[in-house]
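Enquirer: Top to bottom, those sequences are chains A and B.
Here the first sequence is numbered in numbering that gives the first Met the number 0, starting from 0 and rising by one per residue.
Here the second sequence is numbered in numbering that gives the first Met the number 0, starting from 0 and rising by one per residue.
These aren't lab readings, by the way, just hints derived from the structure by calculation.
Just so you know, not all the hints are guaranteed correct.
Straight-line distance between alpha carbons at most 20 Å, and here's what the computed DMTMM-like set of lysine to aspartate or glutamate pairs gives [what the hints assert, rightly or not]:
id : chain 1 : residue 1 : chain 2 : residue 2
1  : A       : Lys-101   : B       : Asp-78
2  : B       : Lys-182   : B       : Asp-78
3  : A       : Lys-346   : B       : Asp-135
These are the residues of each chain, in order.
There are 2 protein chains.
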Amino acid sequence: MALKNTRETNYPEWYQNVVAAADMAENSASPGCMVIKPWGYGIWENIRNIFDEKFRETGHENCYFPMFIPLSFFQKEADHVEGFAKEMAVVTHSRLGQENGKLVPQSPLDEPLIVRPTSETIIADSFSKWITSYRDLPVLINQWANVVRWEMRPRLFLRTREFLWQEGHTAHATAAEAEAETKQMLEVYRDVAENALALPVIVGRKPEHEKFPGAVDTYCIEAMMQDGKALQAGTSHFLGQNFAKSAGISFTNSEGKSEYAYTTSWGVSTRLIGGIIMTHADDEGMVVPPRIAPYQVVLVPVIKNEADREKIMAYIEKVRTALKSLLPFGEKIRIKVDARNKSSVDKFWEWTRKGAPVICEIGMRDAEGENVMVKERIRLGTPEGKKIVPIESFAAGLAKQLENIQEEMFTRAKERLQRNIRTDITTHEEFEKYFSKQSRFIKEGDKDTVAFVRGKWSGDPNSEELLKALKITIRCIPFDQSGTKGECLLTGAKDATMDVIYARSY
Amino acid sequence: MALKNTRETNYPEWYQNVVAAADMAENSASPGCMVIKPWGYGIWENIRNIFDEKFRETGHENCYFPMFIPLSFFQKEADHVEGFAKEMAVVTHSRLGQENGKLVPQSPLDEPLIVRPTSETIIADSFSKWITSYRDLPVLINQWANVVRWEMRPRLFLRTREFLWQEGHTAHATAAEAEAETKQMLEVYRDVAENALALPVIVGRKPEHEKFPGAVDTYCIEAMMQDGKALQAGTSHFLGQNFAKSAGISFTNSEGKSEYAYTTSWGVSTRLIGGIIMTHADDEGMVVPPRIAPYQVVLVPVIKNEADREKIMAYIEKVRTALKSLLPFGEKIRIKVDARNKSSVDKFWEWTRKGAPVICEIGMRDAEGENVMVKERIRLGTPEGKKIVPIESFAAGLAKQLENIQEEMFTRAKERLQRNIRTDITTHEEFEKYFSKQSRFIKEGDKDTVAFVRGKWSGDPNSEELLKALKITIRCIPFDQSGTKGECLLTGAKDATMDVIYARSY
Chain A
0 MALKNTRETN YPEWYQNVVA AADMAENSAS PGCMVIKPWG YGIWENIRNI
50 FDEKFRETGH ENCYFPMFIP LSFFQKEADH VEGFAKEMAV VTHSRLGQEN
100 GKLVPQSPLD EPLIVRPTSE TIIADSFSKW ITSYRDLPVL INQWANVVRW
150 EMRPRLFLRT REFLWQEGHT AHATAAEAEA ETKQMLEVYR DVAENALALP
200 VIVGRKPEHE KFPGAVDTYC IEAMMQDGKA LQAGTSHFLG QNFAKSAGIS
250 FTNSEGKSEY AYTTSWGVST RLIGGIIMTH ADDEGMVVPP RIAPYQVVLV
300 PVIKNEADRE KIMAYIEKVR TALKSLLPFG EKIRIKVDAR NKSSVDKFWE
350 WTRKGAPVIC EIGMRDAEGE NVMVKERIRL GTPEGKKIVP IESFAAGLAK
400 QLENIQEEMF TRAKERLQRN IRTDITTHEE FEKYFSKQSR FIKEGDKDTV
450 AFVRGKWSGD PNSEELLKAL KITIRCIPFD QSGTKGECLL TGAKDATMDV
500 IYARSY
Chain B
0 MALKNTRETN YPEWYQNVVA AADMAENSAS PGCMVIKPWG YGIWENIRNI
50 FDEKFRETGH ENCYFPMFIP LSFFQKEADH VEGFAKEMAV VTHSRLGQEN
100 GKLVPQSPLD EPLIVRPTSE TIIADSFSKW ITSYRDLPVL INQWANVVRW
150 EMRPRLFLRT REFLWQEGHT AHATAAEAEA ETKQMLEVYR DVAENALALP
200 VIVGRKPEHE KFPGAVDTYC IEAMMQDGKA LQAGTSHFLG QNFAKSAGIS
250 FTNSEGKSEY AYTTSWGVST RLIGGIIMTH ADDEGMVVPP RIAPYQVVLV
300 PVIKNEADRE KIMAYIEKVR TALKSLLPFG EKIRIKVDAR NKSSVDKFWE
350 WTRKGAPVIC EIGMRDAEGE NVMVKERIRL GTPEGKKIVP IESFAAGLAK
400 QLENIQEEMF TRAKERLQRN IRTDITTHEE FEKYFSKQSR FIKEGDKDTV
450 AFVRGKWSGD PNSEELLKAL KITIRCIPFD QSGTKGECLL TGAKDATMDV
500 IYARSY
């Protein structure tokens, strides 16, 4: 029942197959924009709820800002960036009317509006009105919103013209406080990525040329996909006083003097779902970490004789009742009884392709023996992945079982990440040779693949060009630096001190 | 401490004062678009969560569709509507670049895109791909999204160019099933409006000229504001096969024949918050129904001597601990300890203006006596609205107290609604005289005001013009019809049979 393409035969096509087979999203009539279907959106809602709780715990409040940003808000940026041009959706008219029976834009706007690619400028404008005294600080807000970037090569979840995200924006009285906030939110990202999405990440700072425009420092979490490429899973920016100066976010400090505030911004998007797919999915389809699965357990009736239906369905209701008060991960369990008029085999494979963590097939023999056939998605097709369990012990162990699956998924991904960070490449020559290979699915034991290299970088200002030539990027300067000196893998310069992560990326 | 304008002195200005004083929303740099601030957005999130649960219970799943709709999707509508023209945001370019140092839209799109004013057409397009057999039906989905309608006279919450809403879209095999769905969702709206928002509503069907374009029937819930005007609080449309035919949503029925599906759509928006304000707010500011209040209880420390701070704060923590496991309305209670560095009097008035249902002021005497000073927002300034209560009995009674406040708010609004529906106007002459008056705040006992008239309508095709002349509308044809005959209040025609609600409206 494998997908049309496997990770080995055609990794990019396999990815598209997983998204389709799991019914998570699809392309739409709107070019480059996706429809996020219930299974994909349910995952996003769970991710959102987990983040929301963390944001609240750290003192942030949700609000909502306009999605249209006046063109003039980009003028300051344009004044500073040579050859400024951005792929963004521009609203120029406020009316759709007819001319000679043909629909045409009418009522041109005095000032075109940009559909937000991110909201620093318009939020900074509000902050400038909200903040007058040090007593108004800090301001800690977040919004969940859609944003638009006119991608030329869209790809479901990874790169679509419209996507969903959260963007946190804060303002502080001191640089130290704003920097602490930036790092605190990065730690929230790491925590949620690793503990909820089972996505092991490398935490670090972006090199100068990869920073968010206007940021003093950009921090990030970077994950490794199954083809060894990196995926930036979240960023947190310390913006210094840059946006505060542009927008006039000033306040009277406790000594009565006027100062500019220090701001931060940080975001994760539906792109995370692409990262989850490429970390956990296999050749049979999606595998969803239990913590964020829309349904953690699916009960599938197996009805061979219509005469048994009532008894089986009654028993399934008994199973559901036995489970429904469970609290895996401290939250209400999410159970689906799949009573649709379809064959149980089709249903099993449908939920397998969707990656529901635990699928139970329940037939007449189970009903009579008060058992449940329990299949774990992460152990599909193995003897351990398929057990007949008495209802009592199933109910007693399920919460822990889901938590164990979550842990196992993280462990597997973490081991893959660790196995595939090369730290033994110490010369520019070896480095070039390593990255001369094509990226491909990393099969266990396959040593001849390309993934991450952790090694030295001199910080040479021409790095961007050199990286482009090799079609790689510096993902980050990890927080844990060795402090040793060595050959810059990129330029061959001696005595480079920075440890960085080199990789191809999405 | 009253607002600058009262409901009596200047009702429209009073409304704006409430929104500002409660810090719920404000105008933005983006013309006609609002910033929804944490207190307003928190209310919206609670409304969303309550609806979401009801939508799930009735079998709907959330998903997300693109906000850009190709211009051609409007062509069919334009072909049928004479002089078609709509105030909508039109995206015509995909790049912002520079010419002679000036920012200009670049890269014109082959086909302009419309920012969704509603999503029937693009969702119908997806449905046409999802649905092939009767086995695929029903499809029951919902999305929470931002939408844009280019309002010329924007007003916070009531009418903004961008607003937030939910739109449910479903497809069914039979007309009867789709009609049942339409009415089921209307009942969900009534239920949530009345039981969660404390918004009493009249339930009915829209007259022909007020229907959603393309609908066979539009149903609605209508609320009465404190100035006697109506506010449409939610609509549910039975779309028949109209959208199915346009988009090609056809399926093979159980007899193997091809048929068009029957679809529905239904929505409520952030406009509801405007309705909540104009139903419950008073001359001191906002009053939020406890069920949707971001904080249901606010604990304000009253520290007269700095030496007492530690003891008072420790006692407040004790109060919080005593309350935190309460489940008013069956949900986790929402408590705020306001420890900001501001005077307790300022804090009290701030939370009063925001309309927090219960505000507790806790000072040294309360800490020593283990009491709490409990103030109810709906009884502000009355002896019953301010009580010193021992901590134990406060904690024991608070959940019920919040539920009682909720009920009291609904009862007050329901009585106002009932008191102000005139049913004794039986002739066109009386009717014209009644609606010749200006709308104004309805003070209790004031008999000379304008609100709703429930009376006869002939269904005359010229009604729209006649209504416009009187500056009124037919809000709905209520479900409960008397079946009697009488004079059409609008035209004076005899033997009119329909009972309708006439009113001015927002």
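Enquirer: Next, verify each hint and record whether it holds.
Expert: Right, here's what the structure says about each hint:
no.: 1; hint: Lys-101(A) - Asp-78(B); in the structure: holds (9 Å)
no.: 2; hint: Lys-182(B) - Asp-78(B); in the structure: violated (30 Å)
no.: 3; hint: Lys-346(A) - Asp-135(B); in the structure: holds (14 Å)
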